[in-house]
Each structure stands twice: as structure tokens, then as C-alpha cells.
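A.B. asks: Model the placement of chain S on the given structure of chain F, informed by the hints.
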Amino acid sequence: MHKAVTITLAVVLAAATAGLAAGGKHWEKVPDPQTDYQAYTAYRLRKHFPNIELTNQDGKKLRFYEDLIKGKIVVIQFMFTDCTRLCPMVTPNLVKVQQELEKEAPGEVNIVSISVDPDHDKPEALKAYATKFHVGPRWQFLTGRKSDVKRLRRELGVLDPEETTYEHMNVVTIGREPTGQWFCMRALTRPDAIAYNVLRLTNRTTGSTGGKPASASQFRLTAGR
Amino acid sequence: MIAPAERVEVIVDFSGLAIGTKVFLNNCMVQTDGRKPAGVVANCATVPQVPGSDGVGSLLSFNVAFSWPDASSFTPGQTLRTDFPVYNPAEALPPVPGSKPGATHDWRFERGRGGEWLVNCFNGAGAQAFDPGPKPPAPENPRVDAKCKVGTTEIWRLINGSGGWAHPVHIHRNQFQILDRVDSGSGRSLGLLPTQLGLKDVFRLEQNTTILLITKYTSGPTSDKQLGKYVMHCHNVEHEDMAMMIVWEVTP
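Protein sequences, first through last, are from chains F and S. If you read the first sequence in our numbering, its first letter stands for residue 1, the second for the next number, and so on. If you read the second sequence in our numbering, its first letter stands for residue 1001, the second for the next number, and so on.
Bound conformation, chain S alone:
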């Protein structure tokens, strides 16, 4: 399963198929309700071509139209990269006190006292929700929840301590790599899913699950340091509207 707005890169091997074969990319996840999917259909090969009201059906079709001299850049089964992690955990800034496993920033995806979805709403200072700042034409000045120095490496921890919802979390600006995925209660490692390898900016934060991310706040390709304010938010639009969002700033 991948979350709304989550992306994965896949390599499809068409080489064994006869010319004229049609190949379909199907959605097999049943969803009839805005809250969550209702499981996967038993036989994904026989779904209708036009998705019905449950969303099950073909999303893309490929026609195998001609053959090509074999110049494969890829051998099926081959490991594409072995140089992960691309960021070095040993370079990461010290963790915040009390965070286990160690992380520089802790983000809890949770409900506020009014049932609305927020990030870090119970942090000792009372309920805090995303604050957009003064209304225009005043300069945009949202509350900044974390400051990150350009050039440094940090570990973030995204925590879902409840059992009701998974949150598709989108972090702007940076690509992150998932170091570990653990049970929020016991802290036991659950291992990474196939869709969680590589560099990512959208993470499916499952129920009762914590993920540990690493990134480096690199500069832009030129002199542009890409300083400024960026957001992290739940990509479930209703949760985002309720203020499940934080602002983080890259500083010189």
C-alpha cells in the first residue's frame, strides 16, 4: 500500500511479453468511505478496466508494441544500489533529551482536545496548533516549530501513538531516508517495507508506528542555500485543514 501523494519508483520488465500484449496497472484497494480503505480484492487480475465507485480498476495500460535490441541496464533481481544510507547517522546532531531512539526532532501526530488532528499539541505549553500568523497584507509570519541549520544532518522521529488512523506525512524541501520503523508502544523494530527504501518525502505513518528519518539540509545547486520556511503536514486534506501541520525553517 502507498499513501496519497507517496511515490515509488519501479522497474517493469516487459521483455518476456509477446508483441500485442496489453499490461495494466490496477488499483486493487477497495475504498468506499472517506475514512479508510476496506481491504484488497481477492483477484487483482480480473478488476474492471474502468474503476467503479469503489475505486477498483485499471489506472494505466501499456501496449507492448515492438521489440528492441537487448541493451538492458538492469538485470531482474539485481540490487540497484548498495550505498545506502546516503546520509551518515554518525554526523547527525545530538538527539533531544529523552528521545529513544535518538532523534533531533520529535513530531507526534495526534488529536487535540477537541478531536482535531494536530502535530505535537501536548508539549507542556498547552495545546498548540499550526498558527498561520497575522492575516495579509501583514508579512507572512507563521509560528516556526523547528529551526535547522543548513549543511547539518539531523534525525527526525515521526510518532503515531494511536490505533485509529495512518497519516500520509509530507515533508517539504528535503528528501529523507527511513532508518527504522518501530512499534510506538514497545519500541520493537518492525523493519522497512519495500516502499520505504530509498529517498522519500511522503511517508505513510501507520497506526501505532514510529519512523526514524535522516536528512541533510543541503544547499541548492548554485549559491542558493534554499533558506526559509517550509512545512510538514498530513496529506489527508481534512487532517491538514484541521491544522495537522508544522513549520520548520532552514537557517544560515
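Extracted from the complex, chain F is given alone in its bound form:
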């Protein structure tokens, strides 16, 4: 009994410390890593998603965090319409990925393609590009301010500031925002392998956690004891 009380106190203290460290001006409730590790991870990751303003292929203004990834399972990729080397291979590969996803988990996954050449890629150009490759619904192509897009790539870990040979990397960033589960894959990986790994984030397939959010007990957190 005495031991249980000690543990509870330690958890409260840890949460309070984290809250102070992250908060500053206003108090935001920090999820308890002991009881909901995924919510805690999602909370910690949120600051890395700049809520930049983007415009999609239909001219609609959207915020990156609020409108495109919050609460969603997403595949994020960078491209540009004049790209002749990588995109003509990557986009058809992702079309196959999307077909597999729509077959296995209809409506559950969104694809977000963001132009690294936003000054040139106006919504009309993106619309034409999407039409050309016959992309499905729930796949948005977006443009924005070049500096914003660069910041976004930096935060997602797909920008190498010293590298000038590659306009954008052969990588897709895949994640489920509410649970903080994120990873990336080579964009030219065989489409069934990409789709399989994306589907592990959905509720309908059995992933490492059987499709359920992982609980703290599975992670054997011992901090505070």
C-alpha cells in the first residue's frame, strides 16, 4: 500500500515537471507517460509540426498541422511538378500504394504531397500533375511559401541543408498523429511493403500492438520508482 502511494506521487511530480518545462505562458495538460505513452509521445512531437499555411490543388488554404495531419494517418512526401528524375518514378509508386490502402482500409489514410518549388508550382500546375498521374481522392498536392516548406522539411528530418545535389529526398514520412507513431521509408520501396507498414498504423490490421494503442505496461516504464 505504502509502495503504491509512492509511485503515484512520483508520477504526479514527473508530470508537473514536464508541464513546467514545456508550458511557459499557459498551462497545457501533459499526458501521463505511465498511463498513456502514445498520447505523451504525440504531445512531445506536436511542436515539431509547423502549422504553416499551404494551398492545395483546388486553391483551398489549409494549415499543415491543424488541417492536414491532426488526428489523421498520413503519408507525407515532397515533390515538384518539373521534377524529371525521381518524381516520375515515385508518384506512380505511391499511386499503387494508395490503391492498396483504399482496398484494405478505405478512407483511413491521407497522402500529402508538398512542392519544394512552390514559387513555380501554383495550384493549377499541381492540379494538372494530379490529373496526369490519376491520383485518387484523399491525396492533396500543396504549395506554400518556400521558406515555410523548407522549415517543414527540416522539422520532418528530410532536409539536408548542406546537400545541394538533391532537391528532395527519396523518402516518404508516415505517421499517425494521435499516437505519435512516425517513421519514414524509401519512397521507391515496393508498394506492397509501404502499404503494409502504413496499414499497421490503422485500427483494422494487427500491428505490433494488435492494432490497439500501446499501453504503458507494454513499455515497462520504470521512471519514478
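The hints are simulated quantities; they were obtained by calculation from the structure and are not laboratory data. Check the hints yourself; a few may be wrong.
Claimed, not checked - Now the in silico label distances, taken between C-beta atoms and shown as ranges:
(1) F:Arg63 to S:Glu1009: 46 to 56 Å
(2) S:Leu1227 to F:Arg44: 38 to 48 Å
(3) S:Glu1140 to F:Pro137: 27 to 37 Å
Quick caveat: nothing in here was measured; it's all calculated off a predicted structure. The beta carbon of each residue, even a glycine, is placed where N, CA and C say it ideally should be.
C.D. replies: Just chain S now, with coordinates in the frame of chain F:
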């Protein structure tokens, strides 16, 4: 400096310290960016106890609580082992043609044409990335990049030919010993770092550096030959996700 997931064994001599002394293991490497560390703080003795956002601070503390009759198994300054290398280079299988210094397997840690991190992506057969094989429920069948016969001794060469990144390379199953560390351009020996002695499974493959490893594919303690497929990958998770990984197989 040691890499993520790299381990070293150290002996700490507390015998000269007064009872009540606190001893701290500190991280003095500044890191504020996911790409690489930004150097070491000037005075490692005055870092905060709770690491800040730059990661600098104490990781462990030891309390010198009581004394013990001196039964040292170790004299400071003494050489612990002299019987290295534990694997015999003379037993190693012949090197692959053209590899200098001789190695049975060559692994180049490099960027693919799309900027993604790969191993041996330009080997004449076009860009090759780690291939996980068919999706489940089909049996796992990744592409095997090297086959190694159980009981044999081989030399591997890990090559970093670029100047941008160091890769913490993790090889599963086997312990390796580093025979040499050379400049990838000139081939000049750079000597081993103190953290590179002994048997290891994670290697910090520095910029423009090649390391030469030796191992023997020993069997398990019983009849288990530990055959099967194992991976070697960069322990930088983003690089690993991009497919900086190979599969090697131990065969009968």
C-alpha cells in the same frame, strides 16, 4: 565519443575517494540538432546535474558509501588482455577481388540517387536498397546480400567515402574486432581509438573512414548453429528507415 547504441566497458577506480564523495558520469557533448553534435563543453566538471535541452548534464551518479578490504582484481594502468586479436587473420577466407586491404565483404555506406541513405547502392547492378521481400502473410524472405558459412573466419570492410556524416553501424549476431581504421581516400592507417579495442557489434564509422573488421561465425553453445538471416544497419533511425540496411545469412 561513442555512437548511439555503442557500448564500452570501463573500470572505475573509487579506491582513492573519501566516504561520502559523489561521482557523476556526465555527458559533455552538446547536441541541439538532430543532425550532429556541436562539440564538447569546455569544462566537463561543472555541467548541470539535470541535462538541459542541449543534452549536457549528468547521466549517472555514484555515492561512495563504504570502504572494502582491498582485494583488487585490477591494478590501475595494468594491461587487461594481451591475447588480441582473438580471431586469426591468417584463417580468414580470401578477399574479394580488388579490395585493398583484403576483405571478404565490402560494405559502402552511401547515398542513393534520391539522397536516401543506403548500403552498396551502386554495385554495377543499379541502385539496390534493402528489400524486405513480400508482405505478410507470405513467409519473410528479404533479399540476402551476403552468405557466410558457419565456422569460417572472414574480414569485412565498412567504407564511409563521404565527408558529411558518421554512421553508427550495428551488426547483429556476431562480435567483431577492428583490425584497422584507415583514411578512405589515401588508405593511410589512422590507428584505433580507445573505444575501438576489444570485441564490438556497434561501430562508429566516421567521415571518410574505412574500418576493417574480423569475425568468426561460431556456433551456439549447444547444437544450435545460429543459422539464418541477420541484419547490419545504421543505428541512426532515419538512415535505417531509408534502408541503410543489409541482410546477411549464416549458412551450414
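A.B. asks: It remains to establish, for every hint, whether it holds in the given structure.
C.D. replies: Quick rundown of the hints versus the structure:
| no. | hint | in the structure |
| --- | --- | --- |
| 1 | F:Arg63 to S:Glu1009: 46 to 56 Å | holds, 51 Å |
| 2 | S:Leu1227 to F:Arg44: 38 to 48 Å | holds, 41 Å |
| 3 | S:Glu1140 to F:Pro137: 27 to 37 Å | holds, 33 Å |
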